[in-house]
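Peer 1: Sequences are here, hints too, so could you generate the full structure?
Line order of the protein sequences matches chains D and L.
In this note's numbering, each residue carries its 1-based index in the first sequence increased by 456.
In this note's numbering, each residue carries its 1-based index in the second sequence increased by 83.
To be clear, the hints were calculated from the coordinates, so they are not data collected in a lab.
Just to be clear, a hint being listed does not mean it is correct.
As the list claims (entries may be wrong) - BS3-like, lysine-lysine: derived pairs with alpha carbons at most 25 Å apart:
id, chain 1, residue 1, chain 2, residue 2
1, D, 576, L, 87
2, D, 469, D, 673
3, D, 515, L, 87
Unchecked claim - A short list of chain D residues far from chain L (calculated; beta carbon distances all over 12 Å):
id, residue
4, 627
5, 647
6, 668
Unchecked claim - Where chain D lies over chain L, by a calculated footprint (3+ residues, C-beta under 8 Å):
id, segment
7, 91-99
8, 197-210
Quick caveat, the model's predicted, so the values are computed rather than measured.
Quick reminder that beta carbons are idealized off the backbone N, C-alpha and C, glycines included.
This is what each chain is made of:
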Amino acid sequence: MSKKENFLKGFIKENPIFVYLLGMCPALAVTATFETSLGMGLLVVFVLTLSNVVVSLFKNFIPEQVRTPSYIVIIATFVTVVRMMTDAYAPLLADALGVFIPLIVVNCLILGRAESFASKNKVIDSAIDGFGMALGFTFGLISIGVVRELLATGGIMYGDYLPFFVDQPIKLFTFDWIINLFASDFQISDYGLAMFALPPGAFIALAFILAYMQARKNKAAKLEEEAKKKKIEELKKAALELKKKAAMKKAGDAS
Amino acid sequence: MLDKLRIAIVLVVIGAVSGLTIYSVNLLTKDTIAQNRIEKEQSYYKELFFLDSDEEVTFEVEDFDDEAIEQEITLYNEAGDVIGYIYKGIEQNNYGEVVVLLGMNVDGTISNVVISSTTNTPTFVKVIRTVYLSNFQSQDASDITLDGNTGATYTYTSVVHIVEDAATYFLGHRGDQDE
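Peer 2: Take a look at the structure:
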């Protein structure tokens, strides 16, 4: 596997959320808004990349018998570090994510990558794998967060929890300006489906996204199958032509 | 034997490096975290008495070691008159810590109650903050009745304990002030 393939596999082909259904706890619990999803994703990027690097660095020194507990201690260390950093520099995000920051320790994705990849591969490859998978996880969280926030409020906000780049909350996107082309003083937030900001909305949004991804996968598989059948038909046709030609030649020779 | 010794050494090294890492980051961040907590808590003081954000207030803090509540904060307006008392209580439950601030008017009625910080499940905390805490407003410290519809969570139970402790303290120490 090339480094590029290693990096990109986590986005669609082996996406932790949409393909392996790993890390469902944060995927359902902290994706009420785009911003909390992005915040959780960034924390996982930090923890997964660094834990993969450290596990890969020390894989030859850690005895087989204590492999899993050692990995958990390494992951827990990074999670404690991100928790303290979040408390210090993004306290509103820390409040919004609450107990789900310490719960990163038990995210199956992180221990899974340490066990299945970092403990068997070189440091650079492990770093790329961790970074790529974590970005894929972030992409998954953001997809759910965007769908939920759009349906719940009709827009996407930034600046409520993350203290970077803006001084006060801004609307990254809203349907208001499109609808106000046709109707004045329209506020899409008055017509939001509040359920999507609540836990049942997380399940429904995830179900829609999984169904969409599965439908695309099925369509691609169907197209591939059809292409394969077409190729076999063409090969059969070509073989029949060759047979026909050989028979004609034989008949010509005989006459 | 040597194998076991090797495992023990590796575990000790991993534990020590982890501990040192956490200790170093704690040294770097602890002051900022403490400052953030203080600022956040102070931002609630005006909210507890429904004061405008531009209103000038001063406060005095008294810490307790041997009381059920942690702190009593006396809030003064610009003229130096007491606006009310704020009681800070901390309770540990199965889901972690709950820090509650209760604003008590000088006449013994509860002005407002807020959850200052907590590690409890955010979804439940949000419901309690938005729906159930307002039940305490305007209740008399000597006769607090609890709404039956409370969400029935550990967080709410902790809030009730702290509210009762604050009311008991107020009645014991300042209950006769308005007479």
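Peer 1: Straight-line Cα separation of residue 576 of chain D and residue 87 of chain L no greater than 25 Å?
Peer 2: holds, 23 Å
Peer 1: For residue 668 of chain D, is the shortest CB-to-CB distance to chain L above 12 Å, so the non-interface label stands?
Peer 2: holds, 26 Å
Peer 1: Taking the closest pair, is the beta carbon of residue 627 of chain D still more than 12 Å from chain L?
Peer 2: Label holds. Min Cβ-Cβ 22 Å, cutoff 12 Å.
Peer 1: Does residue 87 of chain L sit within 25 Å of residue 515 of chain D, going by the straight-line distance between their CA atoms?
Peer 2: With a Cα-Cα distance of about 18 Å, the restraint between residue 515 of chain D and residue 87 of chain L holds, given a limit of 25 Å.
Peer 1: Keeping to a limit of 25 Å between CA atoms, is the pair of residue 469 of chain D and residue 673 of chain D held or broken?
Peer 2: holds, 10 Å
Peer 1: Please verify the coverage claim for the segment 197-210 of chain L: does it have three or more residues whose C-beta sits within 8 Å of some C-beta in chain D?
Peer 2: Held - the segment 197-210 of chain L has 8 residues with a Cβ nearer than 8 Å to chain D, which meets the minimum of three.
Peer 1: Taking 12 Å as the cut and beta carbons as the points, is residue 647 of chain D off the interface with chain L?
Peer 2: holds, 21 Å
Peer 1: For the segment 91-99 of chain L, do three or more residues have a beta carbon lying closer than 8 Å to a beta carbon of chain D?
Peer 2: Holds: 4 residues of the segment 91-99 of chain L have a Cβ under 8 Å from chain D.
Against the hints set out earlier in the document, no violation occurs for any number.
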